[in-house]
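The listed protein sequences derive, respectively, from chains V and Y.
Those letters in the first sequence? Residues 1 to 303, per our numbering, in order.
Those letters in the second sequence? Residues 1 to 355, per our numbering, in order.
Honestly, the hints are just simulated from the structure, not real lab data.
Just so you know, not all the hints are guaranteed correct.
Stated by the list, open to error - Straight-line alpha carbon distances no greater than 25 angstroms define the calculated BS3-like cross-link-like pairs of lysine-lysine that follow:
hint : chain 1 : residue 1 : chain 2 : residue 2
1    : V       : Lys212    : Y       : Lys108
2    : V       : Lys212    : V       : Lys290
3    : Y       : Lys108    : V       : Lys128
4    : V       : Lys130    : Y       : Lys210
5    : V       : Lys68     : V       : Lys80
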Amino acid sequence: MAVSVDEAVSAAPARDHTPPARRFGGRGRPALEVVLLTVLAVVMLFPVLWMIETSIKDNRDVYAIPAKFFDFNVTLDHFKDVFVAPDGGRSALSVSFLNSVVVAGVSTVLATVLGVPAAWAYSRFTLKAKKDQLFFILSTRFMPPVVVVIPIFLMYRQVGLIDSKLGLILIYAAFNVPFTIWMMKGFVDEVPAEYEDAAMLDGYTRLQAFWKFTLPLLVPGIAATAVFALIFSWNEFVFAIFLTSSDEVRTAPPAIAGLIGGTTVDWGLVAAASVVFALPVLVFAYLVRKHLVAGVTLGAVRR
Amino acid sequence: MAGIEVTALHKRYPDGTVAVEHVDLSIGDGELFVMLGPSGCGKTTTLRAIAGLERQTTGDIRIGDTLVNDLPPAERDIAMVFQFYALYPHLRTRDNLAFPLRAEGLPKPEVQARVAEAARLMRLDPLLDRRPRQLSGGEQQRVALARALVRRPRAFLMDEPLTNLDAELRADMRTEIKHLQGELGATMVYVTHDQVEAMSLGHRIAILNKGRVEQVGTPLEVYDRPASLFCAAFIGSPPINLIEVEVADGSLRGQGGLALTPPSGLPRDRRLVAGVRPEALEVTAPGAERSIPARVVSAEWLGDEIIYVVDHGGQRDVRVRMPPTVRFAADAPVGLRHTGGTPAVYDVRTEELVA
């Protein structure tokens, strides 16, 4: 009987149950690992910890020399200052936070809405020079964004997008679409095209088949991709500071940076604003962490 | 049920690859028609064009009397079974079966009746409330077949449906599909790269290569009279022996003096090669009547038969299929003779059958 090719290779890969051999060290190695990781964790986490501490310290304690690590007076005044202006109205910072939410949110939605169908199309159809097209799309991410900030500035001034939220939304979406296409293409590749074929034979159009069968299977991938796009837009600083000037439009990163630079710097306010700024993404990433991990590994593994 | 006519099919993708060069097929009503070929030969593309999942560049496809070129897959009234089953992962077996019927908008009692009938036919009753991932590969494939059945389509298209099953299950499913097709009298187009599947299932087999049909015929025709060197080499295990031959004094002689029965109408002054099946040769004791001297290079003991590889002084060693009772040691001097009928003879240059 002839052995077909598939028969010969399709057997499930043999699982290796033996634990990876310790190459060196024996008992000393785990200890060394723990020490190194602890050092690394301290180095990475200290700034965050210091930021949180500063945000709840009295001004007097913020500037105390030697620095106070534990015995300081706890206050929430800085957080109040983040949201409430000295005259009792809304503070400029709270406006910029709202701007950040709008700009990052809308640009992420836009990038996802444009990028996911594009990724699907690139995954499913044979196109002329498909690889070149995909490479071109990726190539827009080769340079650091700051390289194009001056041309963008000039163009935006011409078309009146300077100092507008729409301008920021568009530029962030433009930067996120290539990323979304590439990441989502990996996910779409994983979903067998046969679901769509079967659905089309069952009476659906191609788009309906995509919408009803492929899209639901892509949700984890979309979640993971959207989080990355959101983080990019949320943290973006260079374009925000070049393309916006007024407090009404400015997003949080340049607004927080703008707090530094006077004769005295209110570090307590800076720290509190930074904490408030860091929280939403942290919470969001925590909420979708399952999708994030599942999504990232799923997209990365090639079969 | 209906027949399928494919005329001058050509498929070229936007990126320039030609998947189907030129394919003409005429598939009869109620026929189990197998398209066989190596990967990349265009068999799957042809099938997908019949299904409407690919739009052919040129050429016509008729299902029954209807020209379906511009019809979307749903309106062609056909069902397809895929290599990866393509059961909707979020639906239970019952709903997977009912799905195409609900999409058609059939009344509920009718849907239930048809699902029950298909489930009975494919023995799926214990599996009706499971989801696809709770089913084994074989069970998934039975569900996929049943989902094709409930539609009562005009034709079934099968795209390598058994490739992902293990060997034993595959043989069972093969029998099951053949039985089912006979019982329903269904028109079935079956794509595979496995010659055993093709030979055992097909009423007729089309062998495709590089986007063209090399031969259409019954399994026996395809085996006994391959239309080209490609078909000859593709069908048969162990493979056919291709022996360079010359026409001399009204007989056909291979290298080493091996005499073959000459077919009539052989062209002169062309380089010829004869296709001789391993069972059309015989290994004998050295010096037996009509035999030429040869030497056993190796022997494969398969239990029910022995495949001898024999050096007879030709460019290539030949393979000979012998019953397990005839035993020669490796390296033993033996005789070799042709016992079959007239072999198929091919032109070396055109690679086509000449006599």
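Exercise. Which numbered hints turn out to be false for this structure?
Worked result: 3
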